[in-house]
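Protein chains: 2
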Amino acid sequence: MALFGGIEAGGTKFVCAVGTGPDDVRAVTRFPTTTPAETIGRVIEFFRSQPEPMTAIGIGAFGPTDPDPASPTYGTITSTPKPGWQNTPLRKLVADALGVPVAFDTDVNAAALGEYTWGAARGIDTFIYLTVGTGIGGGAMVEGRMLHGLVHPEMGHIRVPHDWAVDPFPGFCPYHGDCLEGLAAGPALERRWGTRAETLPPDHPAWPLEAEYLAQALVSYILILSPKRIVIGGGVMHQPALFPLVRTRVKELLAGYVQSPAILEGIDTYIVPPALGDRAGVLGAIALAQGQR
Amino acid sequence: MALFGGIEAGGTKFVCAVGTGPDDVRAVTRFPTTTPAETIGRVIEFFRSQPEPMTAIGIGAFGPTDPDPASPTYGTITSTPKPGWQNTPLRKLVADALGVPVAFDTDVNAAALGEYTWGAARGIDTFIYLTVGTGIGGGAMVEGRMLHGLVHPEMGHIRVPHDWAVDPFPGFCPYHGDCLEGLAAGPALERRWGTRAETLPPDHPAWPLEAEYLAQALVSYILILSPKRIVIGGGVMHQPALFPLVRTRVKELLAGYVQSPAILEGIDTYIVPPALGDRAGVLGAIALAQGQR
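Order-wise, the sequence lines are chains S and R.
Residues in the first sequence are numbered consecutively from 661, following our numbering.
Residues in the second sequence are numbered consecutively from 661, following our numbering.
For the record, the hints were derived by calculation from the structure and aren't laboratory data.
No experiment lies behind these values; they were computed from the predicted model shown.
You may find that some hints are simply not true.
No distinction is drawn between identical chains; accordingly, a pair holds when it is met within one copy or between any pair of copies.
As the list claims (entries may be wrong) - Straight-line distance between alpha carbons at most 30 Å, and here's what the computed DSS-like set of lysine-lysine pairs gives: (1) K888 x K752; (2) K911 x K742; (3) K673 x K911; (4) K752 x K673.
With the rest of the complex left out, here is chain S (with noise of 0.2 Å):
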């Protein structure tokens, strides 16, 4: 019977797993992202421990990566920011060690994969994940294909409306500041608010100000992309008032032109979470390492 490992390559930590589906997990790893050579040799030692050996293994992974099969650096971490990191042929490695065959996308790609196959996007042909937590990320399927394009999309890194007057913190993010990455990441928040975004309570005025951001990028993404859902993911949402926030504001902001019931009455099942929560990303990895069988 086939088996499958999956690999969520995080930045800050990778999770690995084996079995084939939510209700299946026969094995699970978590370890923090050191040195690709110690990392990746977790990962090995990892798979190569399983009583039963890996059908396929599929990885969601950091970036930017190049995810293009027909590449020769296919499965590579290109220009990442991660110190080491640069041009590691992530999937090459771990096919070689292995000797099984390698699916590779984004880390967001990937969770997208497993919310359409077992959760909160089952049977939606074109939607969003989109993770806020170190960083923001989102991927996409378009009309029944994961998106990809020139390179992969890259969507916590536009421009969103930053009222200086209200929110005088300029952004963290090294390449362009006050991205939507740079004023509502994690790390934004704690250096705004100077602790934690999880210590922060339901009425702290953090909240409305990270629905604002969020709310002004989903509107973009919705006049972009016209997903029939939107599935966020990631520690920062983890605040229970956070959702009902962020719908409230785009429907403002949509100002009713785009007018589907999906948005104008259904906006409740329209953002939503993750019905895998954290284990989206690398049980979408197995769906990933299913699909390439």
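Mind docking chain R on chain S? Use the hints.
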């Protein structure tokens, strides 16, 4: 031998053509968009007067529309602000009168399909076609399929940074004020500078400002949709100074973040005018008809 009809149904004028492609256009007519009854009457009269019957007809229409073939209102112009045109079943009226299959999509998706079939996007599976004229709209092909999603994109209505000190013009979009269309479509130039866009000389300050707004929007499109090329048509783009200004500013704004040779080294072939010129729309409608044959 199969013969096709194309209808570019614009908010200002309709263009109808008969043929099989850009080198075989056998008849063409243009007339202003007046009432639905009069305008659609002229469409039907034109096709009835042809010596040969059409095998199929394609319509690329102004909107918002319902372009979903599975919907009971497929091919209807829905919530347009254009007087008299709300909920006009354009596709059905043409199909019933002429008794041939009629395919329907947005005007910008039709133009995109034209450029994909015969023009500047041949062989490119993920790209955007943008028109900058009386309004601003975008169509897209993603991984080989026309993007529709929830309804269809409304890329012209995204928000772009608006520095009121530099540009006190408030925008003219009735829904959003200073969205991209409100700041950068033809009527915005006319109202801001007091003269029609085509009369503004190439060294007029109108053009760097126009390039700034368009470049800001293109950067959002690139980060969200990752197109392999962007084709920009429409009357405002007839100013030759505009393309170089837009290309330069897009590279500056991306700041090297999207590390693709297509952008870093090939921006002149990445952001391009339509190869079919102002015929992209009506030829795209013929391509639409051929796809549905």
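Okay, the hints, checked on the actual structure:
In this homomeric assembly, K888 and K752 come within 30 Å of each other (Cα to Cα) only across copies, at 26 Å, whereas the closest approach inside a single copy is 35 Å. With identical chains, the CA atoms of K911 and K742 are at most 30 Å apart between copies only, with a shortest distance of 23 Å across copies and 37 Å within one. For the homomeric pair K673 and K911, neither the shortest alpha-carbon distance inside one copy (35 Å) nor that between copies (33 Å) is at most 30 Å. Taking the shortest alpha-carbon separations for K752 and K673, only the intra-copy value of 20 Å comes in at or below 30 Å, while the best inter-copy value is 56 Å.
This entry does not satisfy hint 3, going by the numbered hints stated previously; all others are met.
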